[in-house]
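Trainee: Protein sequences appear in the order of chains A and B.
Numbered according to UniProt numbering, the first sequence terminates at residue 203, and the numbering increases by one at each position without gaps.
Numbered according to UniProt numbering, the second sequence terminates at residue 471, and the numbering increases by one at each position without gaps.
None of these hints come from the bench; they were simulated from the model.
Treat the hints with care, since some could be wrong.
[Stated by the list, open to error] Quick look at which bits of chain A chain B covers, simulated, 3 or more residues with Cβ under 8 Å:
id, stretch
1, 4-10
2, 132-139
3, 149-158
4, 172-184
[Said to hold, decoys possible] Selected chain B positions facing chain A (in silico; Cβ < 10 Å):
id, residue
5, 66
6, 73
7, 76
8, 87
9, 159
10, 183
11, 192
12, 196
13, 250
14, 270
15, 275
16, 293
All figures in this text were calculated on a predicted structure; none of them were measured in a lab.
Glycine included, C-beta positions come from ideal geometry on N, C-alpha and C.
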Amino acid sequence: MKEEMLRRIRAAKHPARTPLPTYPARPSRPQQETTERFVEHVEDYKARVQRIAGVSQLPMAIRRALGQKQKVVVPEDFPQEWLPENLDLIRDPGTLSHHQIKLQEVVITGCKLGISDTGTLVLDSGAHQGRRVISLIPDHHICIIFTDQIVQGVHDAVLQLESSVQAGQALTWISGPSATSDIELVRVEGVHGPRTLDVVLVG
Amino acid sequence: MSDGGIHPAKTFVDAAHDTLSNTQMRRNLRHVTSAIRDKRTRAVSEVDNWEDLREVASQTKQHVLENLETYLLQLEESVTRAGGQVHWATDAREAREIVAKIALKHGAKEVIKIKSITTDEIELNGFLQGRGVAAIETDLAELIVQLSHDRPSHILVPAIHKNRSEVRDLFNATLGAKLESDEPAQIAGAARTYLREKFFSVKMAVSGANFAIAETGTVCIVESEGNGRMCLTLPDVLVSIMGIEKVLPRWEDLAVFLEMLPRSSTAERMNPYNSMWTGVTENDGPKEFHLVLLDNGRTQVLRDEVGSQALKCIRCSACLNVCPVYERAGGHAYGSVYPGPIGAILTPQLLEMKDDKANTLPYASSLCGACYDACPVKINIPEVLIYLRGKVTKKKGTTLESLALKSMLWVMQEPHRFEGALKLGRLGQGPFTQNGKFTVLPGLLSGWTHSRDLPELPKQSFREWWKEQGQ
Ligand code: SF4
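So that you can see chain A by itself, here it is in the shape it has in the complex (with noise of 0.2 Å):
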């Protein structure tokens, strides 16, 4: 009941003398090493990482991150020129039931940003990250990252994704492949997302 809340509140009389902070600045890190903090934070989780110098080499990363697997869901606007040839590919325009996402076995995704102090990847829904529920499904996320979208922190980051935000766009941050140490707090690799997860940086 709102009414009754809002006059409990009222009646708490909490005198207003706190203002809101604002965030200590830090020195920021060269390009460089932000980028190298980046790969060796996401190896910690156990998340594989390739570095290649150019686009013109992502079909052949994604091949090896592929092994011998071939059923691909990729969001609509991933490009052609950056896929292996002979897959067995879908695409999704947003539309694909969570049955026919389910029968992939990996999924490749751009991604918005990097967090360098944590190793961390956030999806947006933005350029080449379709929906939330294709990264989710199938237990193998192949994710492309430049190294122009590397930001030192969380801090940055959350700066950075505020115009998701206000456009109502959900995020999605992941740090390394789904885990639990729920039992004896011995960490497991995959429970229910994704069980490995690789990692493209180009450039």
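Given chain A's structure and the hints, the job is docking chain B with the ligand onto it.
Mentor: The following block gives chain B with the ligand in isolation, referenced to the frame of chain A:
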């Protein structure tokens, strides 16, 4: 019962006896809390300006408590604008009815759940069952607790008191799994098989919420296993229940909490998955989203200048893992879904200091101060503990003990006085200790040492050590 709510069935001392006599449980607890403690120290030391961040987090939360009405109204407006529906629940009963009504409207016989202490607080699962709706926990630890009709014993690792072979036997007996090995990976595999079918067939999900942004209407859930993403993405209907204190003003304010929460709780740089959504998005996720804003005693806590800092809590569980009393007594001894130091100050207050059994919780502490040092939002737990003890004794009339408490409160209010008192305490504890343990404590604390030994005050407090390191 996996439900428990916040009403302790016994006094703390009586309940603690159960754990103290259970050697297996104590061994599991000690193993896990010490492992997390070490990891957490490492995760925190990686951030150079951790103390600055604590200050920012603390002030942000304080600001929210001081302007709660403004931000809740703003949140309601922005969630509604984004296509969600907002409900207000003054107590547990109202919140449960709201969820049940939504389930009924959609003819849901089953709902899938993401681990949420708030839903445990309002004892939702048992209630839904009474209405013919089965609530299925999808977090591995919560599933373990639910299948064994047990109660969670830790905020973050609810099944912390069970070891691997206990879990294997449970899954073999209840899920028809045929596990021979007790390897955690195999056990997790059995849970995956059982739950995957549920994720694709159940049409309604229920969750808690870690944060919600007033400015944008965005709700955030942090998790590890991916069960959260499944529940938040696959079903048609999503209901999230959130304590009113969890609202944050601006989108930007989320940053400091996402930086501190994982390092303080699982001791990771970041937990595997964070989901953030704003209302309803076409073709992506649930078609219907409900946000339930829960009071259930919180506005009563808000009235108290000292006690209200408990509402700043982000449920990271760092205070549990560093607490010597929690490590020995275990989570069940606190008789509430909120165990450990935070439970000791939150549970009695949520019950308006009227529950005699809950009122024993503020005594469940040696006041060593480790919880305060670990808390990312700087809740002065020892201060609140002593303050609440004062409230409890005041009810019983002024005694010598309450006078002693008043002076303790004065001592705790200022760090230099606190340090002085600790030093005095160490000097003064000689006569009461034997083999490095307190055996008899004078006055007020005698009830506590009556049933167990307290460790001696440390030779050096964290604050002193910190200073010595030149920080
Ligand atoms: S009181 Fe502080 S340390 Fe304890 S759970 Fe809450 S935020 Fe974490």
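Trainee: Taking each numbered hint in turn, which are not upheld by the structure, reported in ascending numerical order?
Mentor: none
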